[in-house]
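Use these hints to put chain R onto chain G, whose structure you have.
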Amino acid sequence: MGNVAAAEGAIAAGCRFYAGYPITPSSEIMEHMAERLPGVGGVFIQMEDEIASISAVLGASWAGRKAMTATSGPGLSLMMEAVGYAAWTETPAVIIDIQRAGPCTGQATRVGGGDVMQVRYGSHGDYHPVALAPWSVQEMYDLTVRAFNLAERYRVPAFVLGDEGIAHLRETAVLDPSPKLVDRARERGRAPFGSDDPSSVPPMPVFGDGECLLVTGSTHDEWGWRCVESPEVHARQVERINRKVTDARDDIVEVERHFLEDAEVVVVAYGFTARSALHAVRAMRERGRKAGLLRLRTIWPFADREVAGAASAARRVLVPEMNRGQVADLVRLHTGRDVVALGQTDGRVIEAETIEKRLEEVW
Amino acid sequence: MGRDMQRYMRDGLGVTTFCAGCGHGILMGAVLRAVDGLGLDPDRILYVSGIGCAAWIPSPHFKSDTLHTLHGRAVAFAVGAKLAKPDLEVIVVSGDGDLSSIGGNHLIHAARRGHDLAIVCANNQIYGMTGGQSASTTPLGALTSTTPSGNPYPPFDLVDLVRAAGATYAARWPVSRPRMLVESIRRAITCRGLGFVEAVSPCPTQYGRRNRHESVQALYDHLDGLCLTEGEAAALTADERRGRFVIGEWTRG
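Residue numbers (this note's numbering), protein chains in the order written: chain G, 14 to 376; chain R, 242 to 494.
Next comes chain G alone, as it looks inside the complex (with noise of 0.2 Å):
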């Protein structure tokens, strides 16, 4: 199960801490982790809330441990000031966001994927988050590990975006138990929250370590101290936590390209419809129509140049996705092309007859 996979994949990214709050279609990876991490030397609890799950992520990982927690939309909109505050002290957390069908409670058990948006912006102020969006049981526990390596190596909060099609999809994976690993830079006597170099990414000792670390939610000089008025350096920290993730761009945004080289008619999309789409792709091959797939595997920063690219000499893009076309319009603003949205929001993945039908329609 997807879900099971992405916990797996936590435990081989080296997650040691887990807080979490049950909430469907997520809760099977809490579970797993509840069952899991205690015999790999981890700690595993069950928060009150999911403000105070989050909260407790983020102790831990200045503690010195990876640390995620799971949830859903609704835990999701709660944990949205905690996020914040991981992007502006630079904190690594994994946060795997298993989309349901919203807004609000709307339908638990069904899939939906209107939290593109909530996870670049949910959360107020300028920051940049990263966000991954697995489209498989393998990419469940792939993209994980991913996420842990790029929330330490980039002082980030890092989303899986995955939704409850995936999550709950049942199929073979084939799970790496030793993947690559990446581990914050944990070194001492240096400037924990800056440098002269607008795109760095400052070393990250933890508590205990003796650094008498200055951590705080409020604007901060490279030392951690408070400095609530100062224009300069509310204006370079703000550049600073955003430019380190957009200036690392090339080395987080990852694409797949499917039928691509002479495609008349480009899809882009991503999570459990990419799936649906690459079908409808091959389908419309079969009978000599010409389309082709750009799969984002990464959403957040987002894969404008790609995109672009694999618009330039298409006639039309289509972008089927299970919202009222949050990656569309992205689409739109970074091809300038004459982008089609297949937004779909009843509660149910996009079937491949469905993305096919409309690829013949706009043909």
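These are computed hints drawn from the structure, not numbers from a lab.
A hint or two may mislead.
Taking lysine to aspartate or glutamate and the DMTMM-like style, the derived pairs with C-alpha atoms no more than 25 Å apart in a straight line are [unchecked claim]:
hint, chain 1, residue 1, chain 2, residue 2
1, R, Lys304, G, Asp234
2, R, Lys304, G, Glu224
3, R, Lys304, G, Asp222
Some chain G residues judged to face chain R by a derived CB distance under 8 Å, without partners named [claimed, not checked]:
hint, residue
4, Ala32
5, Pro35
6, Ile64
7, Ala76
8, Tyr98
9, Gly221
10, Leu226
11, Thr229
12, Arg256
13, Pro314
14, Phe315
In silico negatives: residues of chain G with every beta carbon more than 12 Å from chain R [unchecked claim]:
hint, residue
15, Met130
16, Arg203
17, Pro216
18, Pro218
19, Glu245
20, Arg328
21, Leu346
22, Asp351
The beta carbon of each residue, even a glycine, is placed where N, CA and C say it ideally should be.
Relative to chain G, chain R alone:
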């Protein structure tokens, strides 16, 4: 602050941000004296605080690791840090609004689960930093910027609250009785499980002025005068006890 406590303070500090007459300075000294009395290694202490005047007691003043968190979330961050690294001595220092209103849920659940934390709550009965709004600890009838006709709601009894939730140790003292305060903070740190100390700390700027306490000294005298022991409280009717502080310490049997 006594000169002997300076070694627990960060280098390069100027004056504190506390207003003239604020009780938090006394509480700051009490926390450090408790730590000093126990001989704790400052490098093994983590101070966690939320948002508000009291949250600035440890951050940035204390020369240990300090984690200044979100409003209300100090206890939840502290739980994560303590579980992740149990050899840290984790001490939460924050205010009444932060710990018992916006953060009340974390407080009672941490007490229920019995995490090995010390929580020092500076209770000034008002939101000081934001300009004197009413809190979950504001006395019935008290004037605040959001209760211009007097607070219509009764306050929490924080000691009763955490004791009912399962705290191992709970105590309450006004900052005008600092020796008892120091001793109780020490016990809250050493007890196994959750130790909670409520320090009744006057806020002359936001609370005293509005409620016509003519001077800082008058406010200290007023709050100290509201304090009574459990034995004294037992002799009073419920009506007579209302608005008083039952001081002392309570250990879970």
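If you test the structure against every hint from before, which numbers come out violated? 5, 12, 13, 14, 18
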